[in-house]
Amino acid sequence: MTALLASLFVAALAGSPHCAGMCGGFVAFYAGQEGGRRALAHVAYNAGRLVSYALLGVVAGLLGSGLERVGATAGVSRAAALVAGALMVLWGVATIAATLGARLPKLPGPPLAGRGIAAALRALRAQPAPLRALAIGLLSTLLPCGFLYVFVAAAGATASPLWGALVMVAFWAGTVPIMAGLGLAAQSLFGPLRRRLPIVTAAGLVVLGLLTMAGRLGLPTPLPTADCCKPQHVGH
Numbered sequence: 001m002t003a004l005l006a007s008l009f010v011a012a013l014a015g016s017p018h019c020a021g022m023c024g025g026f027v028a029f030y031a032g033q034e035g036g037r038r039a040l041a042h043v044a045y046n047a048g049r050l051v052s053y054a055l056l057g058v059v060a061g062l063l064g065s066g067l068e069r070v071g072a073t074a075g076v077s078r079a080a081a082l083v084a085g086a087l088m089v090l091w092g093v094a095t096i097a098a099t100l101g102a103r104l105p106k107l108p109g110p111p112l113a114g115r116g117i118a119a120a121l122r123a124l125r126a127q128p129a130p131l132r133a134l135a136i137g138l139l140s141t142l143l144p145c146g147f148l149y150v151f152v153a154a155a156g157a158t159a160s161p162l163w164g165a166l167v168m169v170a171f172w173a174g175t176v177p178i179m180a181g182l183g184l185a186a187q188s189l190f191g192p193l194r195r196r197l198p199i200v201t202a203a204g205l206v207v208l209g210l211l212t213m214a215g216r217l218g219l220p221t222p223l224p225t226a227d228c229c230k231p232q233h234v235g236h
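Throughout the sequence shown, residue numbering follows my numbering, covering 1 to 236 in sequence.
Treat the hints with care, as some may be off.
Cβ-Cβ distance ranges computed for the label pairs, FRET-style [claimed, not checked]: (1) Met22 with Val200: 17 to 27 Å; (2) Ala120 with Ala180: 19 to 29 Å; (3) Ser77 with Arg125: 44 to 54 Å; (4) Ala47 with Ala123: 35 to 45 Å; (5) Leu100 with Met1: 26 to 36 Å; (6) Arg122 with Ala6: 37 to 47 Å; (7) Leu100 with Leu131: 34 to 44 Å; (8) Ala118 with Ala47: 18 to 28 Å; (9) Gly75 with Leu142: 35 to 45 Å; (10) Leu142 with Arg103: 25 to 35 Å.
Quick caveat, the hints were computed from the structure, so don't treat them as lab data. Quick reminder that beta carbons are idealized off the backbone N, C-alpha and C, glycines included.
Just need the whole structure built from these sequences, with the hints factored in.
Following this line, the structure appears as structure tokens:
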């Protein structure tokens, strides 16, 4: 399991320029011209992201646990890992194809997410920067971001609320440097590799997806179902 967390952290770190491009406008919205409060606003924003991602990981872990139980009933072991791994591979292959010029249909996001975020931005416009930042961080899981939901799938593969939350914390930790403003230096260090980062990240997630499906990442063993724990009656 440690191998999975470390791998996801590295993948999130490598793919974090995507997060900067998608969420940079939100950072500008809460930072504004706040001077000395800007640092506090950055802390509040990333704290909000941490809470929302961890909660999303808990939900994904619970759903994965339910999928494991349904799969066990149907005689399919490790159903959550198989589904999550397949989603990771699918996203990785699609990202590589799109980066190389293939035209792929865009999946729609949650229908009410855009309206909800827009309404929240209007309501928060007059609030202090730290409060704006915290609220935006908490709402970040509503964004239709395929990169985010690949990691949610990995959280579901654990079939555990605790480990699901830890997977999303690893994702959050990998995105913090660039979202905290260190990304400019990081991007300059990557140099020519910067344009290839989407392919590198996607290829890494394809490998992780295959390893997840193969059961090579030390995922926690799902808890036994209630039927397994009932005392067995031996006939005489």
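Status of each hint after checking the structure:
Between Met22 and Val200 the beta carbon distance is about 18 Å. The supplied range of 17 to 27 Å therefore holds. For the pair Ala120 and Ala180, the supplied restraint of 19 to 29 Å holds, since their beta-carbon distance comes to about 22 Å. Range check, Ser77 to Arg125: about 51 Å between beta-carbon atoms, so the 44 to 54 Å window is met. Checked against the given bound of 35 to 45 Å, the beta carbons of Ala47 and Ala123, roughly 20 Å apart, lie outside it.
Our hint of 26 to 36 Å for Leu100 and Met1 holds, since their Cβ atoms are close to 33 Å apart. Evaluation of the 37 to 47 Å hint for Arg122 and Ala6 yields a pass: the beta carbon distance comes to about 41 Å. Taking 34 to 44 Å as the suggested C-beta distance range, the pair Leu100 and Leu131 conforms, at roughly 43 Å. At about 23 Å, the CB distance of Ala118 to Ala47 agrees with the hint of 18 to 28 Å.
Against the hinted window of 35 to 45 Å, the Cβ-Cβ separation of Gly75 and Leu142 comes to about 37 Å, which satisfies the hint. For the pair Leu142 and Arg103, the beta carbons lie near 27 Å from each other, so the given range of 25 to 35 Å is met.
Consistency note: the structure conflicts with earlier hint 4 alone.
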